[in-house]
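Visitor: Going down the list, the protein sequences come from chains A and B.
Whatever position you read off the first sequence (first residue = 1), add 663 for our numbering.
Whatever position you read off the second sequence (first residue = 1), add 21 for our numbering.
Each hint should be verified, as a subset may be incorrect.
Computed footprint of chain B on chain A; a stretch qualifies when at least three of its residues, placed anywhere within it, have a C-beta under 8 Å from a C-beta of chain B [to be verified]:
no.	segment
1	699-713
2	741-752
3	755-767
4	780-792
5	860-873
6	923-932
A few chain B positions that, by computed beta-carbon distances, are all more than 10 Å from chain A [stated by the list, open to error]:
no.	residue
7	R33
8	Y47
9	D61
10	A79
11	E96
12	Q110
13	K114
Keep in mind the hints are simulated off the structure, nothing from the lab.
Just so you know, even glycine gets a beta-carbon here, dropped at the ideal spot from N, CA and C.
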Amino acid sequence: MPYAQPEVLAETDWVEQHRTDPNVRIVEVDAEPSEYEEGHVPGAVGWNWATQLSDQRVRDLLSKEAFEMLMSASGIAPESTVILYGDNNNWFAAWAFWQMKIYGHRDVRLMNGGRKKWIAEGRPLDTDRPSPAPTRYTASGIDRTQRAMLSEVMAAVQRGNTSLIDVRSPPEFTGEIYAPPGLPETCQRAGHIPGARNVPWGKACNEDGTFRTREELEALYSDAGATRDKAIIAYCRIGERSSHTWFVLKYLLGRQDVKNYDGSWTEWGNLVGAPVAVGSDRR
Amino acid sequence: MSTFRAEDLQTREDRIESWPVRITSYRVGDQFRSTVDNIDPGATVARGAGPTRDAAEAEAITTARERLAKVKRLEASLSAVHESMAAMQDLFKKGS
Numbered sequence: 664m665p666y667a668q669p670e671v672l673a674e675t676d677w678v679e680q681h682r683t684d685p686n687v688r689i690v691e692v693d694a695e696p697s698e699y700e701e702g703h704v705p706g707a708v709g710w711n712w713a714t715q716l717s718d719q720r721v722r723d724l725l726s727k728e729a730f731e732m733l734m735s736a737s738g739i740a741p742e743s744t745v746i747l748y749g750d751n752n753n754w755f756a757a758w759a760f761w762q763m764k765i766y767g768h769r770d771v772r773l774m775n776g777g778r779k780k781w782i783a784e785g786r787p788l789d790t791d792r793p794s795p796a797p798t799r800y801t802a803s804g805i806d807r808t809q810r811a812m813l814s815e816v817m818a819a820v821q822r823g824n825t826s827l828i829d830v831r832s833p834p835e836f837t838g839e840i841y842a843p844p845g846l847p848e849t850c851q852r853a854g855h856i857p858g859a860r861n862v863p864w865g866k867a868c869n870e871d872g873t874f875r876t877r878e879e880l881e882a883l884y885s886d887a888g889a890t891r892d893k894a895i896i897a898y899c900r901i902g903e904r905s906s907h908t909w910f911v912l913k914y915l916l917g918r919q920d921v922k923n924y925d926g927s928w929t930e931w932g933n934l935v936g937a938p939v940a941v942g943s944d945r946r
Numbered sequence: 022m023s024t025f026r027a028e029d030l031q032t033r034e035d036r037i038e039s040w041p042v043r044i045t046s047y048r049v050g051d052q053f054r055s056t057v058d059n060i061d062p063g064a065t066v067a068r069g070a071g072p073t074r075d076a077a078e079a080e081a082i083t084t085a086r087e088r089l090a091k092v093k094r095l096e097a098s099l100s101a102v103h104e105s106m107a108a109m110q111d112l113f114k115k116g117s
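Only chain B is shown next, with the shape it has when bound in the complex:
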């Protein structure tokens, strides 16, 4: 059994797609690992690994960006509904 330890742990806060996130990275052996967590509520959104800290963070951040860009907001949903209703009303007007 070979044990190891996380070393050089670094954490910073940033924003991705407007959402506040915490980016953590550390070295285990010859690999770096990284996670991106949403600050509120504190769940891990994406992970990355690579031979350097930059590579590990880049992988995690790319995945996090894809996921955070898809967050649906109620306001946006309501706007979409209103736009659809307006479009339908236009169609009815044209048809009558």
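For reference, chain A alone in the conformation it holds in the complex:
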């Protein structure tokens, strides 16, 4: 069975064939910008997730004006086909995808398998920074239905009628560790939001980083209670892994009511008085 919206994925073959098309703009999105500098898909613009895809004063998404400036400077027009890919199996590219959808960009796609697959396949790289002709991008609006804020998550926990999917690794979920091994600890408490089910993001992917089949994904998320009739909220530590899962649920499986809680564990795990559960979920 095909994905619900297969047009949101671009295979590496397609990207290599179309990377010079005038309407196609390729963007590498990394948490570690040295990855882009060491070599990227020829012609790709580089975005630094930490400094360019969020407000640097308040913890928030880019404002509409800042988003429009980034798109304009990157040579992206509202009618552009934007191909996003990046490090860590597209975690941060998925964040950019999510934000572009919030601001209404019509044709944005993830490169299936991300940077890892492009490199493994021995496809061309270069270190040149392109200088695309700037555009005058105007966002069509802001779709707040893709994002869960703290108050909504709190209400969902109290009502118990929303499927909360924690996409972190099992040791982060159970409370054994505070952050992924080797990454900075950014929360005061370890554990998970009460009632959440643990479906690590990587279960949605094959070894090469591409997405599993729709049937496999359907079984994975339905088993965790993220069924078609439920409202779903995905979260992780800082909202990037859960952007990846949001993408899977919304575009590959066609779930109608799915939101990314980008405050995630760095918000919940630092809140005074917030309930915290430890141990595995009860499946």
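Mind docking chain B on chain A? Use the hints.
Guide: Positioned in the frame of chain A, the structure of chain B alone reads:
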């Protein structure tokens, strides 16, 4: 514009400071690059580069070891709290 390709890509799994990791290395031109990823959740922990594969991996592994050695576990945190509380109780006993 000069393009190049990653060649001789090798990947293996290992453990560093007890954490399962995936070590990847490949050659680009006359340089080798290496990354160490935690297997779960799959984030890059450290990177290295050098004129040989061994040099690139050694740099990445050294940095990864430093970072992975600092992982705080809840159990260890609770033990530290209990030890502090016991020490304080001892002090109170001595003071009373």
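Visitor: Hints first: check each against the structure and report whether it holds.
Guide: Results for each hint:
1. Beta-carbon proximity to chain B at under 8 Å applies to 3 residues in the segment 699-713 of chain A; the threshold of 3 is reached and the given coverage holds.
2. Three residues within the 8 Å Cβ limit are the bar, and the segment 741-752 of chain A against chain B gives 3, so the coverage statement holds.
3. With a threshold of 8 Å between beta carbons, the proposed coverage of the segment 755-767 of chain A by chain B is violated, since 0 of its residues qualify and at least three are required.
4. By the rule of at least three residues with a Cβ nearer than 8 Å to a Cβ of chain B, the coverage given for the segment 780-792 of chain A holds, with 8 such residues.
5. Check on the segment 860-873 of chain A: 3 of its residues sit with their Cβ under 8 Å from a Cβ of chain B, so the three-residue criterion for coverage holds.
6. Counting residues of the segment 923-932 of chain A whose beta-carbon sits less than 8 Å from any beta-carbon of chain B gives 0, not enough to reach three: the coverage restraint is violated.
7. Against chain A, the non-interface label of R33 of chain B holds: every CB pair exceeds 10 Å, the least being about 14 Å.
8. With 10 Å as the threshold on Cβ separation, the claim that Y47 of chain B sits away from chain A is violated: the shortest Cβ distance comes to roughly 7 Å.
9. Consistency note on D61 of chain B: stated as away from chain A, yet its beta-carbon is not over 10 Å from all of that chain's, at 4 Å minimum.
10. The beta carbon of A79 of chain B is kept farther than 10 Å from every beta carbon of chain A, the shortest such distance being approximately 17 Å.
11. At roughly 7 Å, the least C-beta separation between E96 of chain B and chain A is not larger than 10 Å, which violates its mark as non-interface.
12. No beta-carbon of chain A is positioned within 10 Å of the beta-carbon of Q110 of chain B; the least distance is around 24 Å.
13. At roughly 30 Å, the least C-beta separation between K114 of chain B and chain A is larger than 10 Å, which holds for a residue marked as non-interface.
Checked against the numbered hints given earlier, this structure breaks hints 3, 6, 8, 9, 11; the rest are met.
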